[in-house]
Amino acid sequence: MSSSVSASQDQRKLSVLGRFGYGSIPMITQFVADAAQEARLDEDAVFHCQMAVDEACTNVIEHAYGEDPNGNFEVSCWIERGKVTIQIVDQGKSFDPTTAPAPKMSANLDEIRPGGVGIHLIKKLMDEVRFERTERGNVLTLVKIGQPLAEHLVSTGIPVREESPGVWVVAPIGQVDSLIASDLDQTLSDLVSQGRNHLVIDLAEVTYMSSKGIKALVSGWRQARDSGGEFILCAIAPRVQAIIDTIGLGQIFAIHSTLSDALTAISAVK
Amino acid sequence: MDVKIQEMNRVDLVEVSGRVDSSTAADLGAKMNERINNGTLNIVVDLSQVDYMSSGGLRELVAALKRVKKDGGDLRLCSPSPRVREVLDLAGLDTIFQIFEEQVKAVGSF
Chain Z
1 MSSSVSASQD QRKLSVLGRF GYGSIPMITQ FVADAAQEAR LDEDAVFHCQ
51 MAVDEACTNV IEHAYGEDPN GNFEVSCWIE RGKVTIQIVD QGKSFDPTTA
101 PAPKMSANLD EIRPGGVGIH LIKKLMDEVR FERTERGNVL TLVKIGQPLA
151 EHLVSTGIPV REESPGVWVV APIGQVDSLI ASDLDQTLSD LVSQGRNHLV
201 IDLAEVTYMS SKGIKALVSG WRQARDSGGE FILCAIAPRV QAIIDTIGLG
251 QIFAIHSTLS DALTAISAVK
Chain B
271 MDVKIQEMNR VDLVEVSGRV DSSTAADLGA KMNERINNGT LNIVVDLSQV
321 DYMSSGGLRE LVAALKRVKK DGGDLRLCSP SPRVREVLDL AGLDTIFQIF
371 EEQVKAVGSF
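Line by line, the protein sequences give chains Z and B.
Going by this note's numbering, the first residue of the first sequence is number 1, and it counts up by one from there.
Going by this note's numbering, the first residue of the second sequence is number 271, and it counts up by one from there.
You may find that some hints are simply not true.
To be verified - Capping the alpha-carbon separation at 27 Å, the derived lysine-lysine pairs in DSS-like fashion look like this:
#1 K104/Z / K336/B
#2 K212/Z / K13/Z
#3 K301/B / K104/Z
#4 K123/Z / K336/B
#5 K336/B / K124/Z
#6 K339/B / K104/Z
Unchecked claim - A short list of chain B residues far from chain Z (calculated; beta carbon distances all over 12 Å):
#7 L283
#8 R305
#9 N308
#10 E372
#11 G378
#12 F380
Claimed, not checked - Label-pair distances were calculated between CB atoms; the ranges are:
#13 M278/B / E205/Z: 50 to 60 Å
#14 E371/B / E205/Z: 41 to 51 Å
#15 P101/Z / N307/B: 29 to 39 Å
#16 G18/Z / M278/B: 40 to 50 Å
#17 K104/Z / G342/B: 21 to 31 Å
#18 A300/B / R136/Z: 32 to 42 Å
#19 D127/Z / A300/B: 28 to 38 Å
#20 M278/B / S94/Z: 40 to 50 Å
#21 D272/B / D261/Z: 50 to 60 Å
#22 T207/Z / S379/B: 54 to 64 Å
#23 A300/B / A102/Z: 26 to 36 Å
#24 E304/B / P26/Z: 18 to 28 Å
#25 Q368/B / Q175/Z: 46 to 56 Å
Hints listed in this document are in silico derivations from the structure and should not be mistaken for laboratory results.
For glycine and all other residues, C-beta sits at the position ideal for the given N, C-alpha and C.
Produce the complete structure using the sequences and hints provided.
Written out as structure tokens, the structure is:
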């Protein structure tokens with residue numbers, strides 16, 4: 001088995017490929033669950049993705065490869081906010097599950113045909129199901145769109161706290177990549193639109209900041225300033241400081257070396 | 271997946287736990303078949319400890335149901351978790367299986 005990651009601005013693609021039998025399915029569904037979580041799908045949607053992929057892989061092993069546990073296939077996930085697109089590509093016998101007849105469940109025992117339950121479940125669980133036969137092989141594409149997330153302050157997962165009355169500390173953690181950056185952007189504009197515009201951005205736990213992360217900071221700074229608020233950065237790690245300096249933003253932002261300095265400064269302004 | 275079978279007065283109680291997926295379902299089917307071959311007519315499958323059931327598991331349940339019904343018996347389910355219940359409903363199996371909330375009610379229904 002091997003895996004790969006490639007990234008563009010707003011979409012990340014993850015793949016696993018190898019020779020998979022039924023025993024590999026839990027590993028593949030875990031891979032898909034991780035991707036769906038990264039796309040910020042709600043818990044039910046994550047489970048639906050796992051279930052659909054389990055059924056789809058079972059179909060590939062059973063029908064495309066005739067139960068041969070050494071069939072080669074690839075599972076890829078494209079991750080966007082609130083949406084995951086899953087593609088399963090195999091080189092086995094062509095089998096279009098989307099045209100399979102629906103299973104028949106009936107009170108009359110002889111009429112029950114449980115075959116096709118898998119694809120029936122896939123169609124019920126996913127928002128979009130497409131099948132194509134291409135030169136790469138059989139390509140099954142599944143799309144799942146999560147529930148719209150209503151409360152961004154809770155759902156983005158960027159820690160926010162009211163440090164003292166009217167002073168809000170926003171403390172992102174780890175790598176502010178393009179997905180986290182859009183969380184940060186959302187969090188900052190939510191705060192300002194709620195009138196919470198005295199903001200301290202504590203970057204002590206940030207190890208990397210992408211260009212989108214910087215853009216989110218600039219946008220938050222502008223919104224806070226325009227609404228008569230204050231926007232202060234503090235505790236910036238040297239590597240992140242270097243990025244901010246390179247872009248020349250050290251001049252724009254008020255920057256303090258520690259959180260307590262920043263809090264003192266912002267209360268003085270208030 | 272783990273399967274425990276208890277012989278009771280009028281019914282065999284099949285307690286399943288863990289993941290019932292394409293790699294494990296056949297084992298559940300084989301264990302129920304063994305009982306049916308030995309003359310079991312009535313089966314209660316307790317799903318309370320099943321955290322995941324794919325269509326492979328559903329197929330085994332339907333296959334066993336068809337076998338016992340042919341001889342005048344029945345297979346009834348009890349205590350599915352919300353996740354498993356959702357799968358049963360989506361697959362339309364809620365119309366062909368009697369599903370009970372509690373094991374004691376399922377066993378007592380025979």
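Right, here's what the structure says about each hint:
For the given pair, K104/Z sits about 14 Å from K336/B by alpha-carbon distance, which is consistent with the 27 Å threshold. Proposed proximity of K212/Z and K13/Z is supported: the alpha carbons are some 18 Å apart, at most 27 Å. For the proposed pair K301/B and K104/Z, the alpha carbon gap of about 25 Å is at most 27 Å, so the pair holds. Of the pairs offered as hints, the one joining K123/Z and K336/B holds, with about 26 Å between alpha carbons and a cut-off of 27 Å not exceeded.
Note on K336/B and K124/Z: the hinted pairing holds, with a Cα-Cα distance of about 25 Å set against a maximum of 27 Å. Between K339/B and K104/Z the CA atoms are separated by roughly 17 Å; this keeps the pair inside 27 Å, and the hint holds. Residue-level check passed: L283/B sits 23 Å from the nearest beta carbon of chain Z, beyond 12 Å. The non-interface label for R305/B is consistent with chain Z: the shortest C-beta to C-beta separation is roughly 19 Å, beyond 12 Å.
Distance check for N308/B against chain Z: the nearest CB is about 22 Å away, which clears 12 Å, and the non-interface claim stands. Chain Z leaves E372/B outside its interface by the beta-carbon criterion, the shortest separation being 24 Å against a cut-off of 12 Å. Separation of G378/B from chain Z is adequate, the least Cβ-Cβ distance of about 23 Å exceeding the 12 Å criterion. With 12 Å as the threshold on Cβ separation, the claim that F380/B sits away from chain Z holds: the shortest Cβ distance comes to roughly 18 Å.
Checked against the hint of 50 to 60 Å, the C-beta distance between M278/B and E205/Z comes to roughly 58 Å, which is consistent with it. Under the hint 41 to 51 Å, the C-beta atoms of E371/B and E205/Z, about 47 Å apart, fit the expected range. One distance hint, 29 to 39 Å for the beta-carbon pair P101/Z and N307/B, holds here, with the actual separation near 31 Å. The given range of 40 to 50 Å is respected by G18/Z and M278/B, whose C-beta atoms sit roughly 45 Å from each other.
For K104/Z paired with G342/B, a C-beta distance near 23 Å keeps the hint of 21 to 31 Å intact. The hinted window of 32 to 42 Å between A300/B and R136/Z holds, with their beta carbons roughly 37 Å apart. One distance hint, 28 to 38 Å for the beta-carbon pair D127/Z and A300/B, holds here, with the actual separation near 37 Å. Judged by the Cβ atoms, the range 40 to 50 Å given for M278/B and S94/Z holds: they are separated by roughly 49 Å.
D272/B and D261/Z have their C-beta atoms about 59 Å apart, which keeps the hinted 50 to 60 Å range intact. Taking the beta carbon of each, T207/Z and S379/B are about 60 Å apart, inside 54 to 64 Å as hinted. Between A300/B and A102/Z, the C-beta spacing of about 28 Å keeps the proposed range 26 to 36 Å intact. Checking the proposed 18 to 28 Å range against E304/B and P26/Z shows it holds: the Cβ atoms sit about 26 Å from each other.
Our hint of 46 to 56 Å for Q368/B and Q175/Z holds, since their Cβ atoms are close to 52 Å apart.
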